[in-house]
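Protein chains: 4
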Amino acid sequence: MGNSFGKLFRISTFGESHGKGLGVIIDGCPAGLKIDEEYIRNEMQRRKPGQSKITTQRKEEDEFQILSGVFEGKSTGTPIGMVIMNTDQKSKDYGHIADKFRPSHADYTYQEKYGIRDYRGGGRSSARETSARVAAGAIAKLLLQHFGISIQAYVSQVGDLKLTKPYQELDLEQTEKNIIRCPDPEMAEEMISFIDEIRKSRDTVGGVVSCVIKGVPPGLGEPVFDRLNAELGKAMLSINAVKGFEYGSGFEGVKMRGSEHNDAFYTEGDKVRTRTNHSGGIQGGISNGEDIYFKVAFKPVATIMIDQESVNEAGESVTVSGKGRHDPCVVPRAVPIVEAMGALVLADYLLISRANKL
Amino acid sequence: MGNSFGKLFRISTFGESHGKGLGVIIDGCPAGLKIDEEYIRNEMQRRKPGQSKITTQRKEEDEFQILSGVFEGKSTGTPIGMVIMNTDQKSKDYGHIADKFRPSHADYTYQEKYGIRDYRGGGRSSARETSARVAAGAIAKLLLQHFGISIQAYVSQVGDLKLTKPYQELDLEQTEKNIIRCPDPEMAEEMISFIDEIRKSRDTVGGVVSCVIKGVPPGLGEPVFDRLNAELGKAMLSINAVKGFEYGSGFEGVKMRGSEHNDAFYTEGDKVRTRTNHSGGIQGGISNGEDIYFKVAFKPVATIMIDQESVNEAGESVTVSGKGRHDPCVVPRAVPIVEAMGALVLADYLLISRANKL
Amino acid sequence: MGNSFGKLFRISTFGESHGKGLGVIIDGCPAGLKIDEEYIRNEMQRRKPGQSKITTQRKEEDEFQILSGVFEGKSTGTPIGMVIMNTDQKSKDYGHIADKFRPSHADYTYQEKYGIRDYRGGGRSSARETSARVAAGAIAKLLLQHFGISIQAYVSQVGDLKLTKPYQELDLEQTEKNIIRCPDPEMAEEMISFIDEIRKSRDTVGGVVSCVIKGVPPGLGEPVFDRLNAELGKAMLSINAVKGFEYGSGFEGVKMRGSEHNDAFYTEGDKVRTRTNHSGGIQGGISNGEDIYFKVAFKPVATIMIDQESVNEAGESVTVSGKGRHDPCVVPRAVPIVEAMGALVLADYLLISRANKL
Amino acid sequence: MGNSFGKLFRISTFGESHGKGLGVIIDGCPAGLKIDEEYIRNEMQRRKPGQSKITTQRKEEDEFQILSGVFEGKSTGTPIGMVIMNTDQKSKDYGHIADKFRPSHADYTYQEKYGIRDYRGGGRSSARETSARVAAGAIAKLLLQHFGISIQAYVSQVGDLKLTKPYQELDLEQTEKNIIRCPDPEMAEEMISFIDEIRKSRDTVGGVVSCVIKGVPPGLGEPVFDRLNAELGKAMLSINAVKGFEYGSGFEGVKMRGSEHNDAFYTEGDKVRTRTNHSGGIQGGISNGEDIYFKVAFKPVATIMIDQESVNEAGESVTVSGKGRHDPCVVPRAVPIVEAMGALVLADYLLISRANKL
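Residue numbers (the working numbering), protein chains in the order written: chain A, 90 to 447; chain B, 90 to 447; chain C, 90 to 447; chain D, 90 to 447.
No wet-lab data here; the hints were simulated from the structure.
The model shown is predicted, which means the values in this text are computed figures rather than measured ones.
Even for Gly, the Cβ is constructed at its ideal location relative to N, Cα and C.
One or more hints might be untrue.
Result set (DSSO-like, lysine-lysine): computed pairs, CA atoms no more than 30 Å apart in a straight line [unchecked claim]: (1) B:Lys109 / C:Lys163; (2) B:Lys344 / A:Lys142; (3) C:Lys163 / A:Lys360; (4) B:Lys109 / A:Lys251; (5) D:Lys123 / C:Lys344; (6) D:Lys123 / D:Lys137; (7) A:Lys109 / D:Lys137; (8) B:Lys163 / D:Lys446.
Residues on chain B that point at chain C, a partial pick, calculated with CB under 7 Å [stated by the list, open to error]: (9) Gly110; (10) Lys123; (11) Ile124; (12) Glu126; (13) Phe160; (14) Gly162; (15) Thr165; (16) Gly166; (17) Ala187; (18) Tyr203; (19) Arg213; (20) Gly378; (21) Gly404; (22) Val407.
To spell it out: a stretch of chain C is covered by chain D in this simulated footprint if at least three of its residues, at any positions, have a beta carbon under 8 Å from a beta carbon of chain D; those stretches are [said to hold, decoys possible]: (23) 137–148; (24) 195–209; (25) 244–252; (26) 335–347; (27) 358–368; (28) 439–447.
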């Protein structure tokens with residue numbers, strides 16, 4: 090279970106790091122949407138390994154193929170099926186950990202849950218799985234663009250290096266201009282060289298990805314359990330290595346008084362606006378028309394090049410020594426994944442919002 | 090939509106703050122479970138308003154009635170229907186804000202989404218809705234107890250007052266011994282008097298609720314989208330006033346190196362354990378048998394007794410002056426709600442884990 | 090599980106024949122719909138026992154109460170919670186079959202599935218459960234009326250007494266004018282006296298309910314698994330005692346040639362129509378704008394006043410002798426239930442059809 | 090929507106008759122199941138076009154590929170992704186009906202629903218879609234075999250040619266020994282030559298597929314909306330060209346008295362059995378351990394080689410003349426599809442039945 094996401098704009102994914110291929114079905118994409126394959130390809134490139142010196146050097150071409158649901162360049166309303174074949178699998182790389190549980194990986198929990206696992210790497214728990222999310226997310230983004238909604242993520246922290254400015258004071262256009270995807274050029278440089286050091290020390294480090302969604306009309310979301318913020322939180326927490334999610338004032342808001350935190354309403358022309366936006370664009374689980382923004386915390390990548398204590402399937406103590414080609418820090422490649430998951434949530438609620446009306 | 094939660098242990102709730110009553114249907118509770126009404130009543134008491142000087146003085150009896158699904162003290166496997174009638178509604182209290190949008194409440198977003206709302210207060214967005222969650226959660230807790238799983242939440246922060254000790258160094262037995270529900274007696278005193286000041290200043294403040302789940306067997310949870318941590322995050326973010334969620338090392342983990350953060354495996358008898366638990370008991374979205382722990386951030390209560398700028402439905406600037414009886418800080422009453430939602434998630438995954446096996 | 094129905098217009102029900110009460114939550118009813126309680130009450134009356142000499146003489150008042158989701162006579166978009174308390178339970182009537190499995194009832198299967206059951210009658214499997222469906226269905230019908238869609242069921246067969254005329258040649262206005270709910274007055278008389286004989290012989294008999302839905306716009310329904318006809322079939326087959334469902338030409342269509350069965354298209358003004366309607370208004374699982382019509386087969390009521398061979402929970406042979414007050418034939422009271430379930434399906438697809446569009 | 094089926098053993102399909110390919114994701118197959126590709130291939134062969142003189146002569150190789158979820162011949166518990174590429178599409182065959190609505194096809198309804206359609210044939214509404222169901226159903230059958238449950242369908246009627254014997258008096262082993270898949274050799278011959286005449290007359294005819302499921306333990310199924318019979322009905326009614334479903338006594342049962350229709354209980358060793366099985370193995374929506382049997386009615390294939398009246402997208406009257414290669418009668422190829430859908434329903438309920446227990 091758990092391989093589908095969304096209600097009306099619903100995706101189901103499959104595939105492991107070392108199987109023949111991965112894929113996704115998008116069920117519920119409205120008919121008539123222009124499907125720009127170049128755009129999808131570009132999104133895939135942003136997630137792809139080997140894109141810079143601070144990401145894994147593993148080569149994966151991430152070539153996708155659309156098998157259904159698109160006719161003469163437009164969605165037909167029927168499910169869009171996409172496949173991404175695995176090419177460079179290098180299974181031999183993994184032989185040495187076949188029966189060992191890599192610390193803070195999913196080896197042990199998968200073994201406990203399923204009693205069997207593809208020992209040639211992370212299998213289904215590998216970040217490779219996110220390629221299907223990005224492919225589907227690209228189509229969700231095309232749908233959002235059609236409705237004037239944009240979503241933009243960026244790296245706001247790596248280890249202790251933290252952007253202090255709020256997103257309003259940043260030039261988000263700069264984000265894609267550097268390999269770390271931080272909109273502040275100076276900070277970007279610092280982060281890059283820091284990650285480079287980490288990489289040389291054969292270790293890894295964590296980071297934070299921030300995200301801003303603009304152009305969301307008021308009234309998107311549901312009350313009670315399926316609050317827009319709850320669904321966004323679930324979407325982000327479903328990404329590999331994520332340990333935390335906060336939106337609007339987040340954990341900092343805890344320290345504020347109600348009198349500071351409340352967002353006063355005023356009118357701008359015929360539009361109701363708020364003077365501040367500690368609510369992060371969501372009140373009572375429903376969008377209020379202001380920007381939606383949130384932060385996602387990523388732990389340090391579990392695969393390190395340093396020997397570690399562990400046990401094997403027989404329960405014997407063993408040493409796990411890192412091999413293969415891995416990311417010293419996951420955040421640069423996580424940026425498009427955060428956008429993809431955010432776009433999937435918004436696309437879903439956008440469709441829902443149009444149904445339950447007289 | 091959005092008024093149901095869970096897959097196999099599934100609840101659906103209804104009810105507003107000023108309607109005739111609220112209720113919940115629990116669909117999927119296994120047959121034969123002893124339903125201890127006293128236990129449920131006690132859980133309701135923990136959430137109930139007017140329980141101490143630092144909560145709202147509003148009187149709500151929260152008397153529930155089980156209408157179905159229980160026969161001779163045991164669950165029958167058919168849906169358990171419960172209702173909680175509204176008694177002390179004091180609708181007149183709300184007349185003065187009938188057409189005004191209270192800042193950082195859901196008045197405006199509900200109006201935008203539905204074009205109509207019960208102006209006699211929060212309606213469906215009122216924390217009153219959580220009484221149904223606690224009633225259902227109590228039954229989920231009884232199911233977890235049957236399987237040896239316990240869940241305990243406590244207040245770890247109010248404003249700037251923060252418990253620095255990890256839960257392992259606290260005596261969680263102390264939690265219910267004070268009205269703020271903080272297991273550290275000294276800190277509890279500080280928090281209580283701080284909230285009392287806040288109350289006198291007619292303002293409100295936020296806080297953090299921490300939660301620990303013990304006795305979870307390895308293998309609970311699903312990969313990819315329905316990770317155990319993702320579902321826990323959604324559950325917590327669906328609670329009124331929540332702005333953030335983190336589990337295990339959370340946002341702090343971002344600063345660590347992989348070599349520090351990874352949880353080394355070792356064996357204790359025939360059990361596989363981890364030396365540290367930065368993973369928070371969950372790896373790859375699946376429980377590993379260690380304690381699950383997480384934190385939930387609550388913003389300051391939006392209803393304050395101080396005049397605020399706002400607009401009305403006509404878009405005219407108005408002043409909203411707080412009336413009625415409200416909480417200066419939500420966390421003491423949020424503790425049982427956090428436990429209830431956590432228990433619902435665990436109960437659901439517990440049942441799922443028993444299905445998908447040969 | 091299995092106590093909810095629908096996707097966007099979704100109901101969840103609870104309650105047993107001998108518990109304190111039954112109820113339903115309607116989640117997804119659009120805001121602003123006028124909720125006419127008189128109309129709902131009237132629908133409940135049509136299902137109610139004791140309404141005529143050919144139905145059970147059991148007295149159940151079927152008084153419902155709306156607890157939420159309606160404000161000043163209109164739906165608010167939040168869940169509509171309704172309860173129906175049980176009054177005349179006469180539990181003692183059932184003592185004699187406490188540990189016996191009544192033939193062709195659900196006693197044995199419930200015992201096998203749950204290991205426990207409310208032996209005071211059918212419990213959850215009692216037709217009493219359908220009162221909640223009718224209450225929810227009445228609101229679905231109000232929604233359909235808002236969109237110009239009408240649904241009308243009638244009795245077309247009792248035992249061998251069968252209406253040969255197609256619905257187009259019947260005056261459906263006559264349906265509610267007789268206690269059997271057959272639109273042909275002569276046939277109605279025959280059916281009534283036949284059922285009366287059956288009743289006197291302490292036996293029961295089956296029947297068929299036919300249903301016509303008019304005013305459905307083209308384009309409602311989904312391809313593949315959730316075809317409109319598949320969902321209608323599931324809805325009908327979920328009603329107690331139903332053994333079969335067919336739509337359009339149904340089982341008779343099997344004997345036809347494609348050249349006879351195909352419905353030729355032509356245009357009437359700017360509307361595309363079909364010359365015949367063997368398709369029953371549905372092609373490829375999607376409505377084509379013609380009338381939707383179908384038939385539902387009900388088996389004879391299982392409770393008879395004649396002694397029957399059976400076994401008890403200990404596996405000993407026993408004799409089950411019918412007591413209590415039961416229906417000699419279920420179809421007159423099934424008419425509003427068939428309409429209710431049909432209305433729920435249409436309401437759901439109506440909302441879905443408005444979501445998945447650009 | 091509507092391209093997924095099942096709850097715990099859940100499939101999602103995609104693909105059109107003239108796209109690049111089709112596929113299915115099976116989410117929820119328990120880990121450790123032996124996946125016999127030869128068995129799957131054989132099931133696909135049974136559905137495949139061109140298998141005999143009485144089916145379409147269209148050549149489709151129906152070669153499938155398993156891309157994920159299987160490791161070293163066994164299921165891993167992660168989603169099983171399968172693709173079937175389209176080879177012989179012959180798009181040119183369809184140019185002549187590009188803008189015409191073929192009578193009793195889904196051309197018009199898809200156009201109305203989506204505003205766009207793949208005019209190169211049936212697209213998503215083509216029976217080609219069922220290849221993915223059969224592939225997934227084969228794996229469901231392997232799961233059922235593991236639990237000792239068998240499912241067998243056969244042709245019981247073609248036009249007026251009807252098998253009068255109940256399944257108990259037939260040698261179902263004979264079913265696959267003839268090209269019509271009727272277990273009665275004499276009747277099989279008659280049916281084959283009748284279909285051959287129909288084919289020569291360039292027309293088509295309908296038929297009935299019967300199905301028997303043996304070895305189902307008591308207690309499978311859910312009460313109320315998700316009754317086992319309701320889900321089976323939905324599954325069958327979701328198959329192209331199906332117009333009716335009945336189980337057990339079905340529409341004939343309507344004519345019986347309760348005293349004839351009730352299935353008396355008795356004990357056989359420690360097993361509770363019924364003397365008759367008018368219930369069709371299901372009581373109150375839950376299996377009682379007796380054989381489950383049902384019938385599915387298929388209308389005559391809509392594509393005939395005879396000219397027909399219709400309209401085009403512009404609303405002008407046109408003549409549709411059949412071209413291409415189609416089936417004169419769908420039932421021989423429908424047999425494996427009915428089994429596949431039945432197996433999917435049983436597999437799902439089998440898993441559910443193991444979850445909701447203490």
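Original post:
Which numbered conditions among the earlier hints are violated in the structure presented, ordered from lowest to highest?
Top reply: 4, 5, 10, 11, 12, 14, 17, 20, 21, 22 and 23
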